[in-house]
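Colleague: What follows is each chain in one-letter form.
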Amino acid sequence: MVEKTQFVLSEAAKSKIDSWLAKYPPEQKRSAVIPALHIAQDENQGWLSDEAMEAVADYLGLPKMAVFEVATFYSMYNLKPIGKHQISVCTNVSCMLKGSDKIAEHFKNKLGISFNETTSDGNATLKEVECLAACAGAPACMIDKTYYENLTPEKIDELLRGLSST
Amino acid sequence: MTNATIEIEIDGKKLDVEPGSMVIEAADEAGIPIPRFCYHKKLSVAANCRMCLVEVEKVGKPLPACATPVTAGMKVFTQSEKARIAQRSVMEFLLINHPLDCPICDQGGECELQDLSMGYGQDITRFSEGKRSVANEDMGPLVATEMTRCIQCTRCVRFGEEISGVRELGTLGRGEHLWIGTYIKQSLTSEISANIIDLCPVGALTSKPFQFTARAWELTQHPSIAPHDCLGSNLFIHSRKQEVMRVVPRENEKINETWLSDRDRFSYLGIHSHKRLTKPLVKISGEWQEVEWDIALRTVVAKISGVLDLYEPSQLAALISPNSTIEEMYLLQKILRKLGSNNIDHRLHQSDFSDQDDQVLMPTLTGMTLEEMEEQETILIFGSHLNHEQPLAAVRVRKAIQQGAQVFSINAMDYDFAFDLAGKIIENPTSLPTTLASLIQEVANITAQSLPEFFTASFSGKNPSETIKRLAKRLVDTKRNSLLLGELAQNHPNASTIRTLSQLLSTLIPLKLAFLTFGANSAGAWMAGVLPHRQAAGQTISTPGLTIHDALEKKLKAYILFGIEPGKDLAFSSQALAAFSEAETLIAFTSFSDRVLMERAHVILPISVFAETSGTFINVAGTWQTFRGAVTPRGEIRPGWKVLRALANFFGFDEDFRYTSSEMIRDELQQLTPASPSSSHPQTLSLHANFSPAAGMVSRIIAWPLYQTDSLVRHAEALQATPLHESPRLHLNQKTADKFALSAGEMAQVNRKEIILPVHIDASIPDDCVYIPAGFEETAGLSVPFGEILLEKASA
Ligand code: SF4
Ligand code: FES
Ligand code: FES
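In order, the protein sequence lines correspond to chains Z and X.
Mapped onto numbering that gives the first Met the number 0, the consecutive letters of the first sequence carry residue numbers 0 to 165.
Mapped onto numbering that gives the first Met the number 0, the consecutive letters of the second sequence carry residue numbers 0 to 795.
Think of the hints as simulated: they come from the structure by calculation, not from any bench.
Be careful, since some hints might not be right.
Label-pair ranges, simulated between beta-carbon atoms [what the hints assert, rightly or not]:
id: 1; chain 1: X; residue 1: 88; chain 2: Z; residue 2: 7; range: 46 to 56 Å
id: 2; chain 1: X; residue 1: 107; chain 2: Z; residue 2: 11; range: 48 to 58 Å
id: 3; chain 1: X; residue 1: 766; chain 2: Z; residue 2: 5; range: 23 to 33 Å
id: 4; chain 1: X; residue 1: 107; chain 2: Z; residue 2: 144; range: 17 to 27 Å
id: 5; chain 1: X; residue 1: 733; chain 2: Z; residue 2: 11; range: 55 to 65 Å
id: 6; chain 1: Z; residue 1: 144; chain 2: X; residue 2: 56; range: 45 to 55 Å
id: 7; chain 1: X; residue 1: 745; chain 2: Z; residue 2: 22; range: 48 to 58 Å
id: 8; chain 1: X; residue 1: 177; chain 2: Z; residue 2: 127; range: 50 to 60 Å
Heads up, the beta-carbon is just placed ideally off N, CA and C, and yes, glycines get one too.
Kindly generate the complete structure, drawing on both the sequences and the hints.
Modeller: Here's what the structure looks like:
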């Protein structure tokens, strides 16, 4: 969809996928498609290129389409290259009631980008997501794989400082 | 299936229904209408559109009729207040995102959504927000898309998953953003992809060649029969005035179910080709002149009589396409035999005729029906690219697999079948007969049966491979077995051996032999007597004529060609070109202008094609299917049977040629008592054509690609533009290429420049073989259909 990239599943990735496959009956390899896509995404700078999806399809013996359907269904998969860090801001009901509009606005201003954009230095991509299942700590966001709750503009500034230094 | 039915009630009507069936099936059976979009009787139940909601007594919520199984005593109401409200609400939801611009939609007038909205929709919309829109994709030259119109019924997606076996379309994204798309914008690549046009209830997927050319209500519908493969799929021709506008499937459970292959659906485009010849032509001092019919026919009579005055009648031969109707075939052989010649043949692709006297009346499925193909437990595909040769037979085989069948393939190329094989053997075509023999040996060993002398004398001890062992065991263990013999098996230089071995195998275990013949009417050709050794209805002849191979090889004085483009339709095309350039007379009945015919023929008679003539085909199940013409051909083009009848009259054969309709010809043939040729199979076996390549040579594999099978298909431009269209190339695997120092894209010469073709590296070809497709001008000069050839890099 975007650019042609090379992608080969590493041995480490394959053995991780194998450990998922071991949990399902041998003729039900498609059961492992979700973790397999995550593993491939982690190996491909956080996004799924066509080649990465095809590698998963081949490895699991599934039609490419079956993998593509799953990859487009879940917002946790990125089908375009993303920045070094991914910031996912929840704007669903609980967070909205606790002011996620302001939170999102603050992220946008600070980073100088809108949702689904990446900063020009390639450091961060901003995404709007549905309920993160962290309503008790709303407003919430997820940076890479870590949750941050009860966000305030100050907290965000601090988080962003941490990001730019890594 | 049990016979016990249960009783239910729909709208007060008592019905006896099959337990396990769905309410919608029971209603359909009883003719009670229930609106629906996602339900289709040939696809799995998705129950996602909710249009079919009905009220069921003692159930609080309305239920989807397509996904609600019947239960004894159930009372269903399709028109109650509750049902109507539910149906109306669903329609309102469906229309929220659907464009309301039917006048500019190609589906308008035959749209299930438009029709149902008349009954269940409201005349004003309460939805004032913006509608969703979806980007279109280019799915290739056959299917046009307008994805904003999609109502996400997923019929097209299920079709790929369940019927064609090629998952071309998928449901992508989710929720409000769900869309139907291809995998990364690919064109459709299945041989039956265009069925999604009929399946799509709305205008999201429509026919690209037909797009915006006519409205449904302007069209006249004519039932007809597909003219390309031996299934004889049933179809409707839709015409406007005297023009064929499109072709759609006509349901026949016994043959094509509700489907149609893309070849059968779009070949009609060839009818309108600018290469059609519309006037009879006579060559006068080297120049083509348009003439009236009587002059043309008089010229034919003069030319043929001229040859017959000087030479024996055996100097005359006729070749006819197996896509001709039995009426055309019957008349042509009748004329030829009146003229004293038995040199007539339709076996354009074949090369081994040595067992012709032992063959049965006509090649068929030997008693099996196409429906029974789905019930087979073990199927061996031998020498066949099934999904290209008979695309809808492949659908049956897929269904058999879904019901637990195992399918094996023994082939000279590793074809992509769109279904999973339980085992395959891909090898040099030379080895195919011995591999079949090893299977026989293994089956005989397992079942402790002794094999006849003639077998043991010719085939001793080729060790069975693992796959053969597995296949043999399976064949012995299962009862419903069939062996599908495809084109490669029948065109093979040892085809007679393959036939004899197949018969032998069928005496050892229960096994149905299916001769999947080339063209729409090969069975009809046997019945009509277009064979050198048999007359109509299989009557034998004391002094048989020449087979197609001998008739070409011997360079006779006069030839008649019917529906044949010599460079493209004949296995022995180079022999044909040589024979025709020396012949004193070449008469061509043809629909299209062809380079070879224009160069070498003396008279050209323009005949009708599919849709322009009445006639009959006999399909592979032995069914006679008669059809009528749908349109009158343009110009001076005339139906083939009429031209032949007139020609007979010009020859002075009035007595026996008083036909005023094609039905009279068919009836005459049908009233003949078919001979029952002794089915005593030959008791000898010889690999008379031993063609294993000598050192430094390779074996040629010949096949007619999907969209090169006959002249009508070759002139259908949309088909020629699909990804399934092949181009004339020399296919070989890397190892063989290395041996001859050839690399991809380079030009290679075959047999000291008989032909020169670009090299294509193709992993599906076995070692020391090349696949060179037929059906192209570029490959016409090659003198061996199978057999050894010399390969060299073409000097610049
Ligand atoms: S494209 Fe047509 S057939 Fe496919 S899901 Fe949409 S409406 Fe249904
Ligand atoms: S709504 Fe934001 S975490 Fe649940
Ligand atoms: S037809 Fe029953 S839910 Fe679509």
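Colleague: Determine whether the Cβ-Cβ distance between residue 144 of chain Z and residue 56 of chain X falls within the hinted range of 45 to 55 Å.
Modeller: Distance hint for residue 144 of chain Z, residue 56 of chain X holds at roughly 53 Å.
Colleague: Mind checking the hinted window 46 to 56 Å against the Cβ distance between residue 88 of chain X and residue 7 of chain Z?
Modeller: Given range 46 to 56 Å: holds, Cβ gap about 51 Å.
Colleague: Range first: 55 to 65 Å. Now tell me if the beta carbons of residue 733 of chain X and residue 11 of chain Z are that far apart.
Modeller: violated (31 Å)
Colleague: Measuring from beta carbon to beta carbon, are residue 107 of chain X and residue 144 of chain Z in 17 to 27 Å?
Modeller: violated (51 Å)
Colleague: With 48 to 58 Å as the target window, see if residue 745 of chain X and residue 22 of chain Z comply at their CB atoms.
Modeller: holds (50 Å)
Colleague: Tell me if the beta carbons of residue 107 of chain X and residue 11 of chain Z are separated by a distance inside 48 to 58 Å.
Modeller: holds (56 Å)
Colleague: Kindly confirm whether 23 to 33 Å is satisfied by the beta carbon distance between residue 766 of chain X and residue 5 of chain Z.
Modeller: holds (30 Å)
Colleague: Assuming the hint says 50 to 60 Å, is it satisfied by the Cβ distance from residue 177 of chain X to residue 127 of chain Z or not?
Modeller: The hinted range 50 to 60 Å is violated for residue 177 of chain X and residue 127 of chain Z, with Cβ atoms some 18 Å apart.
The earlier numbered hints that this structure contradicts are 4, 5, 8.
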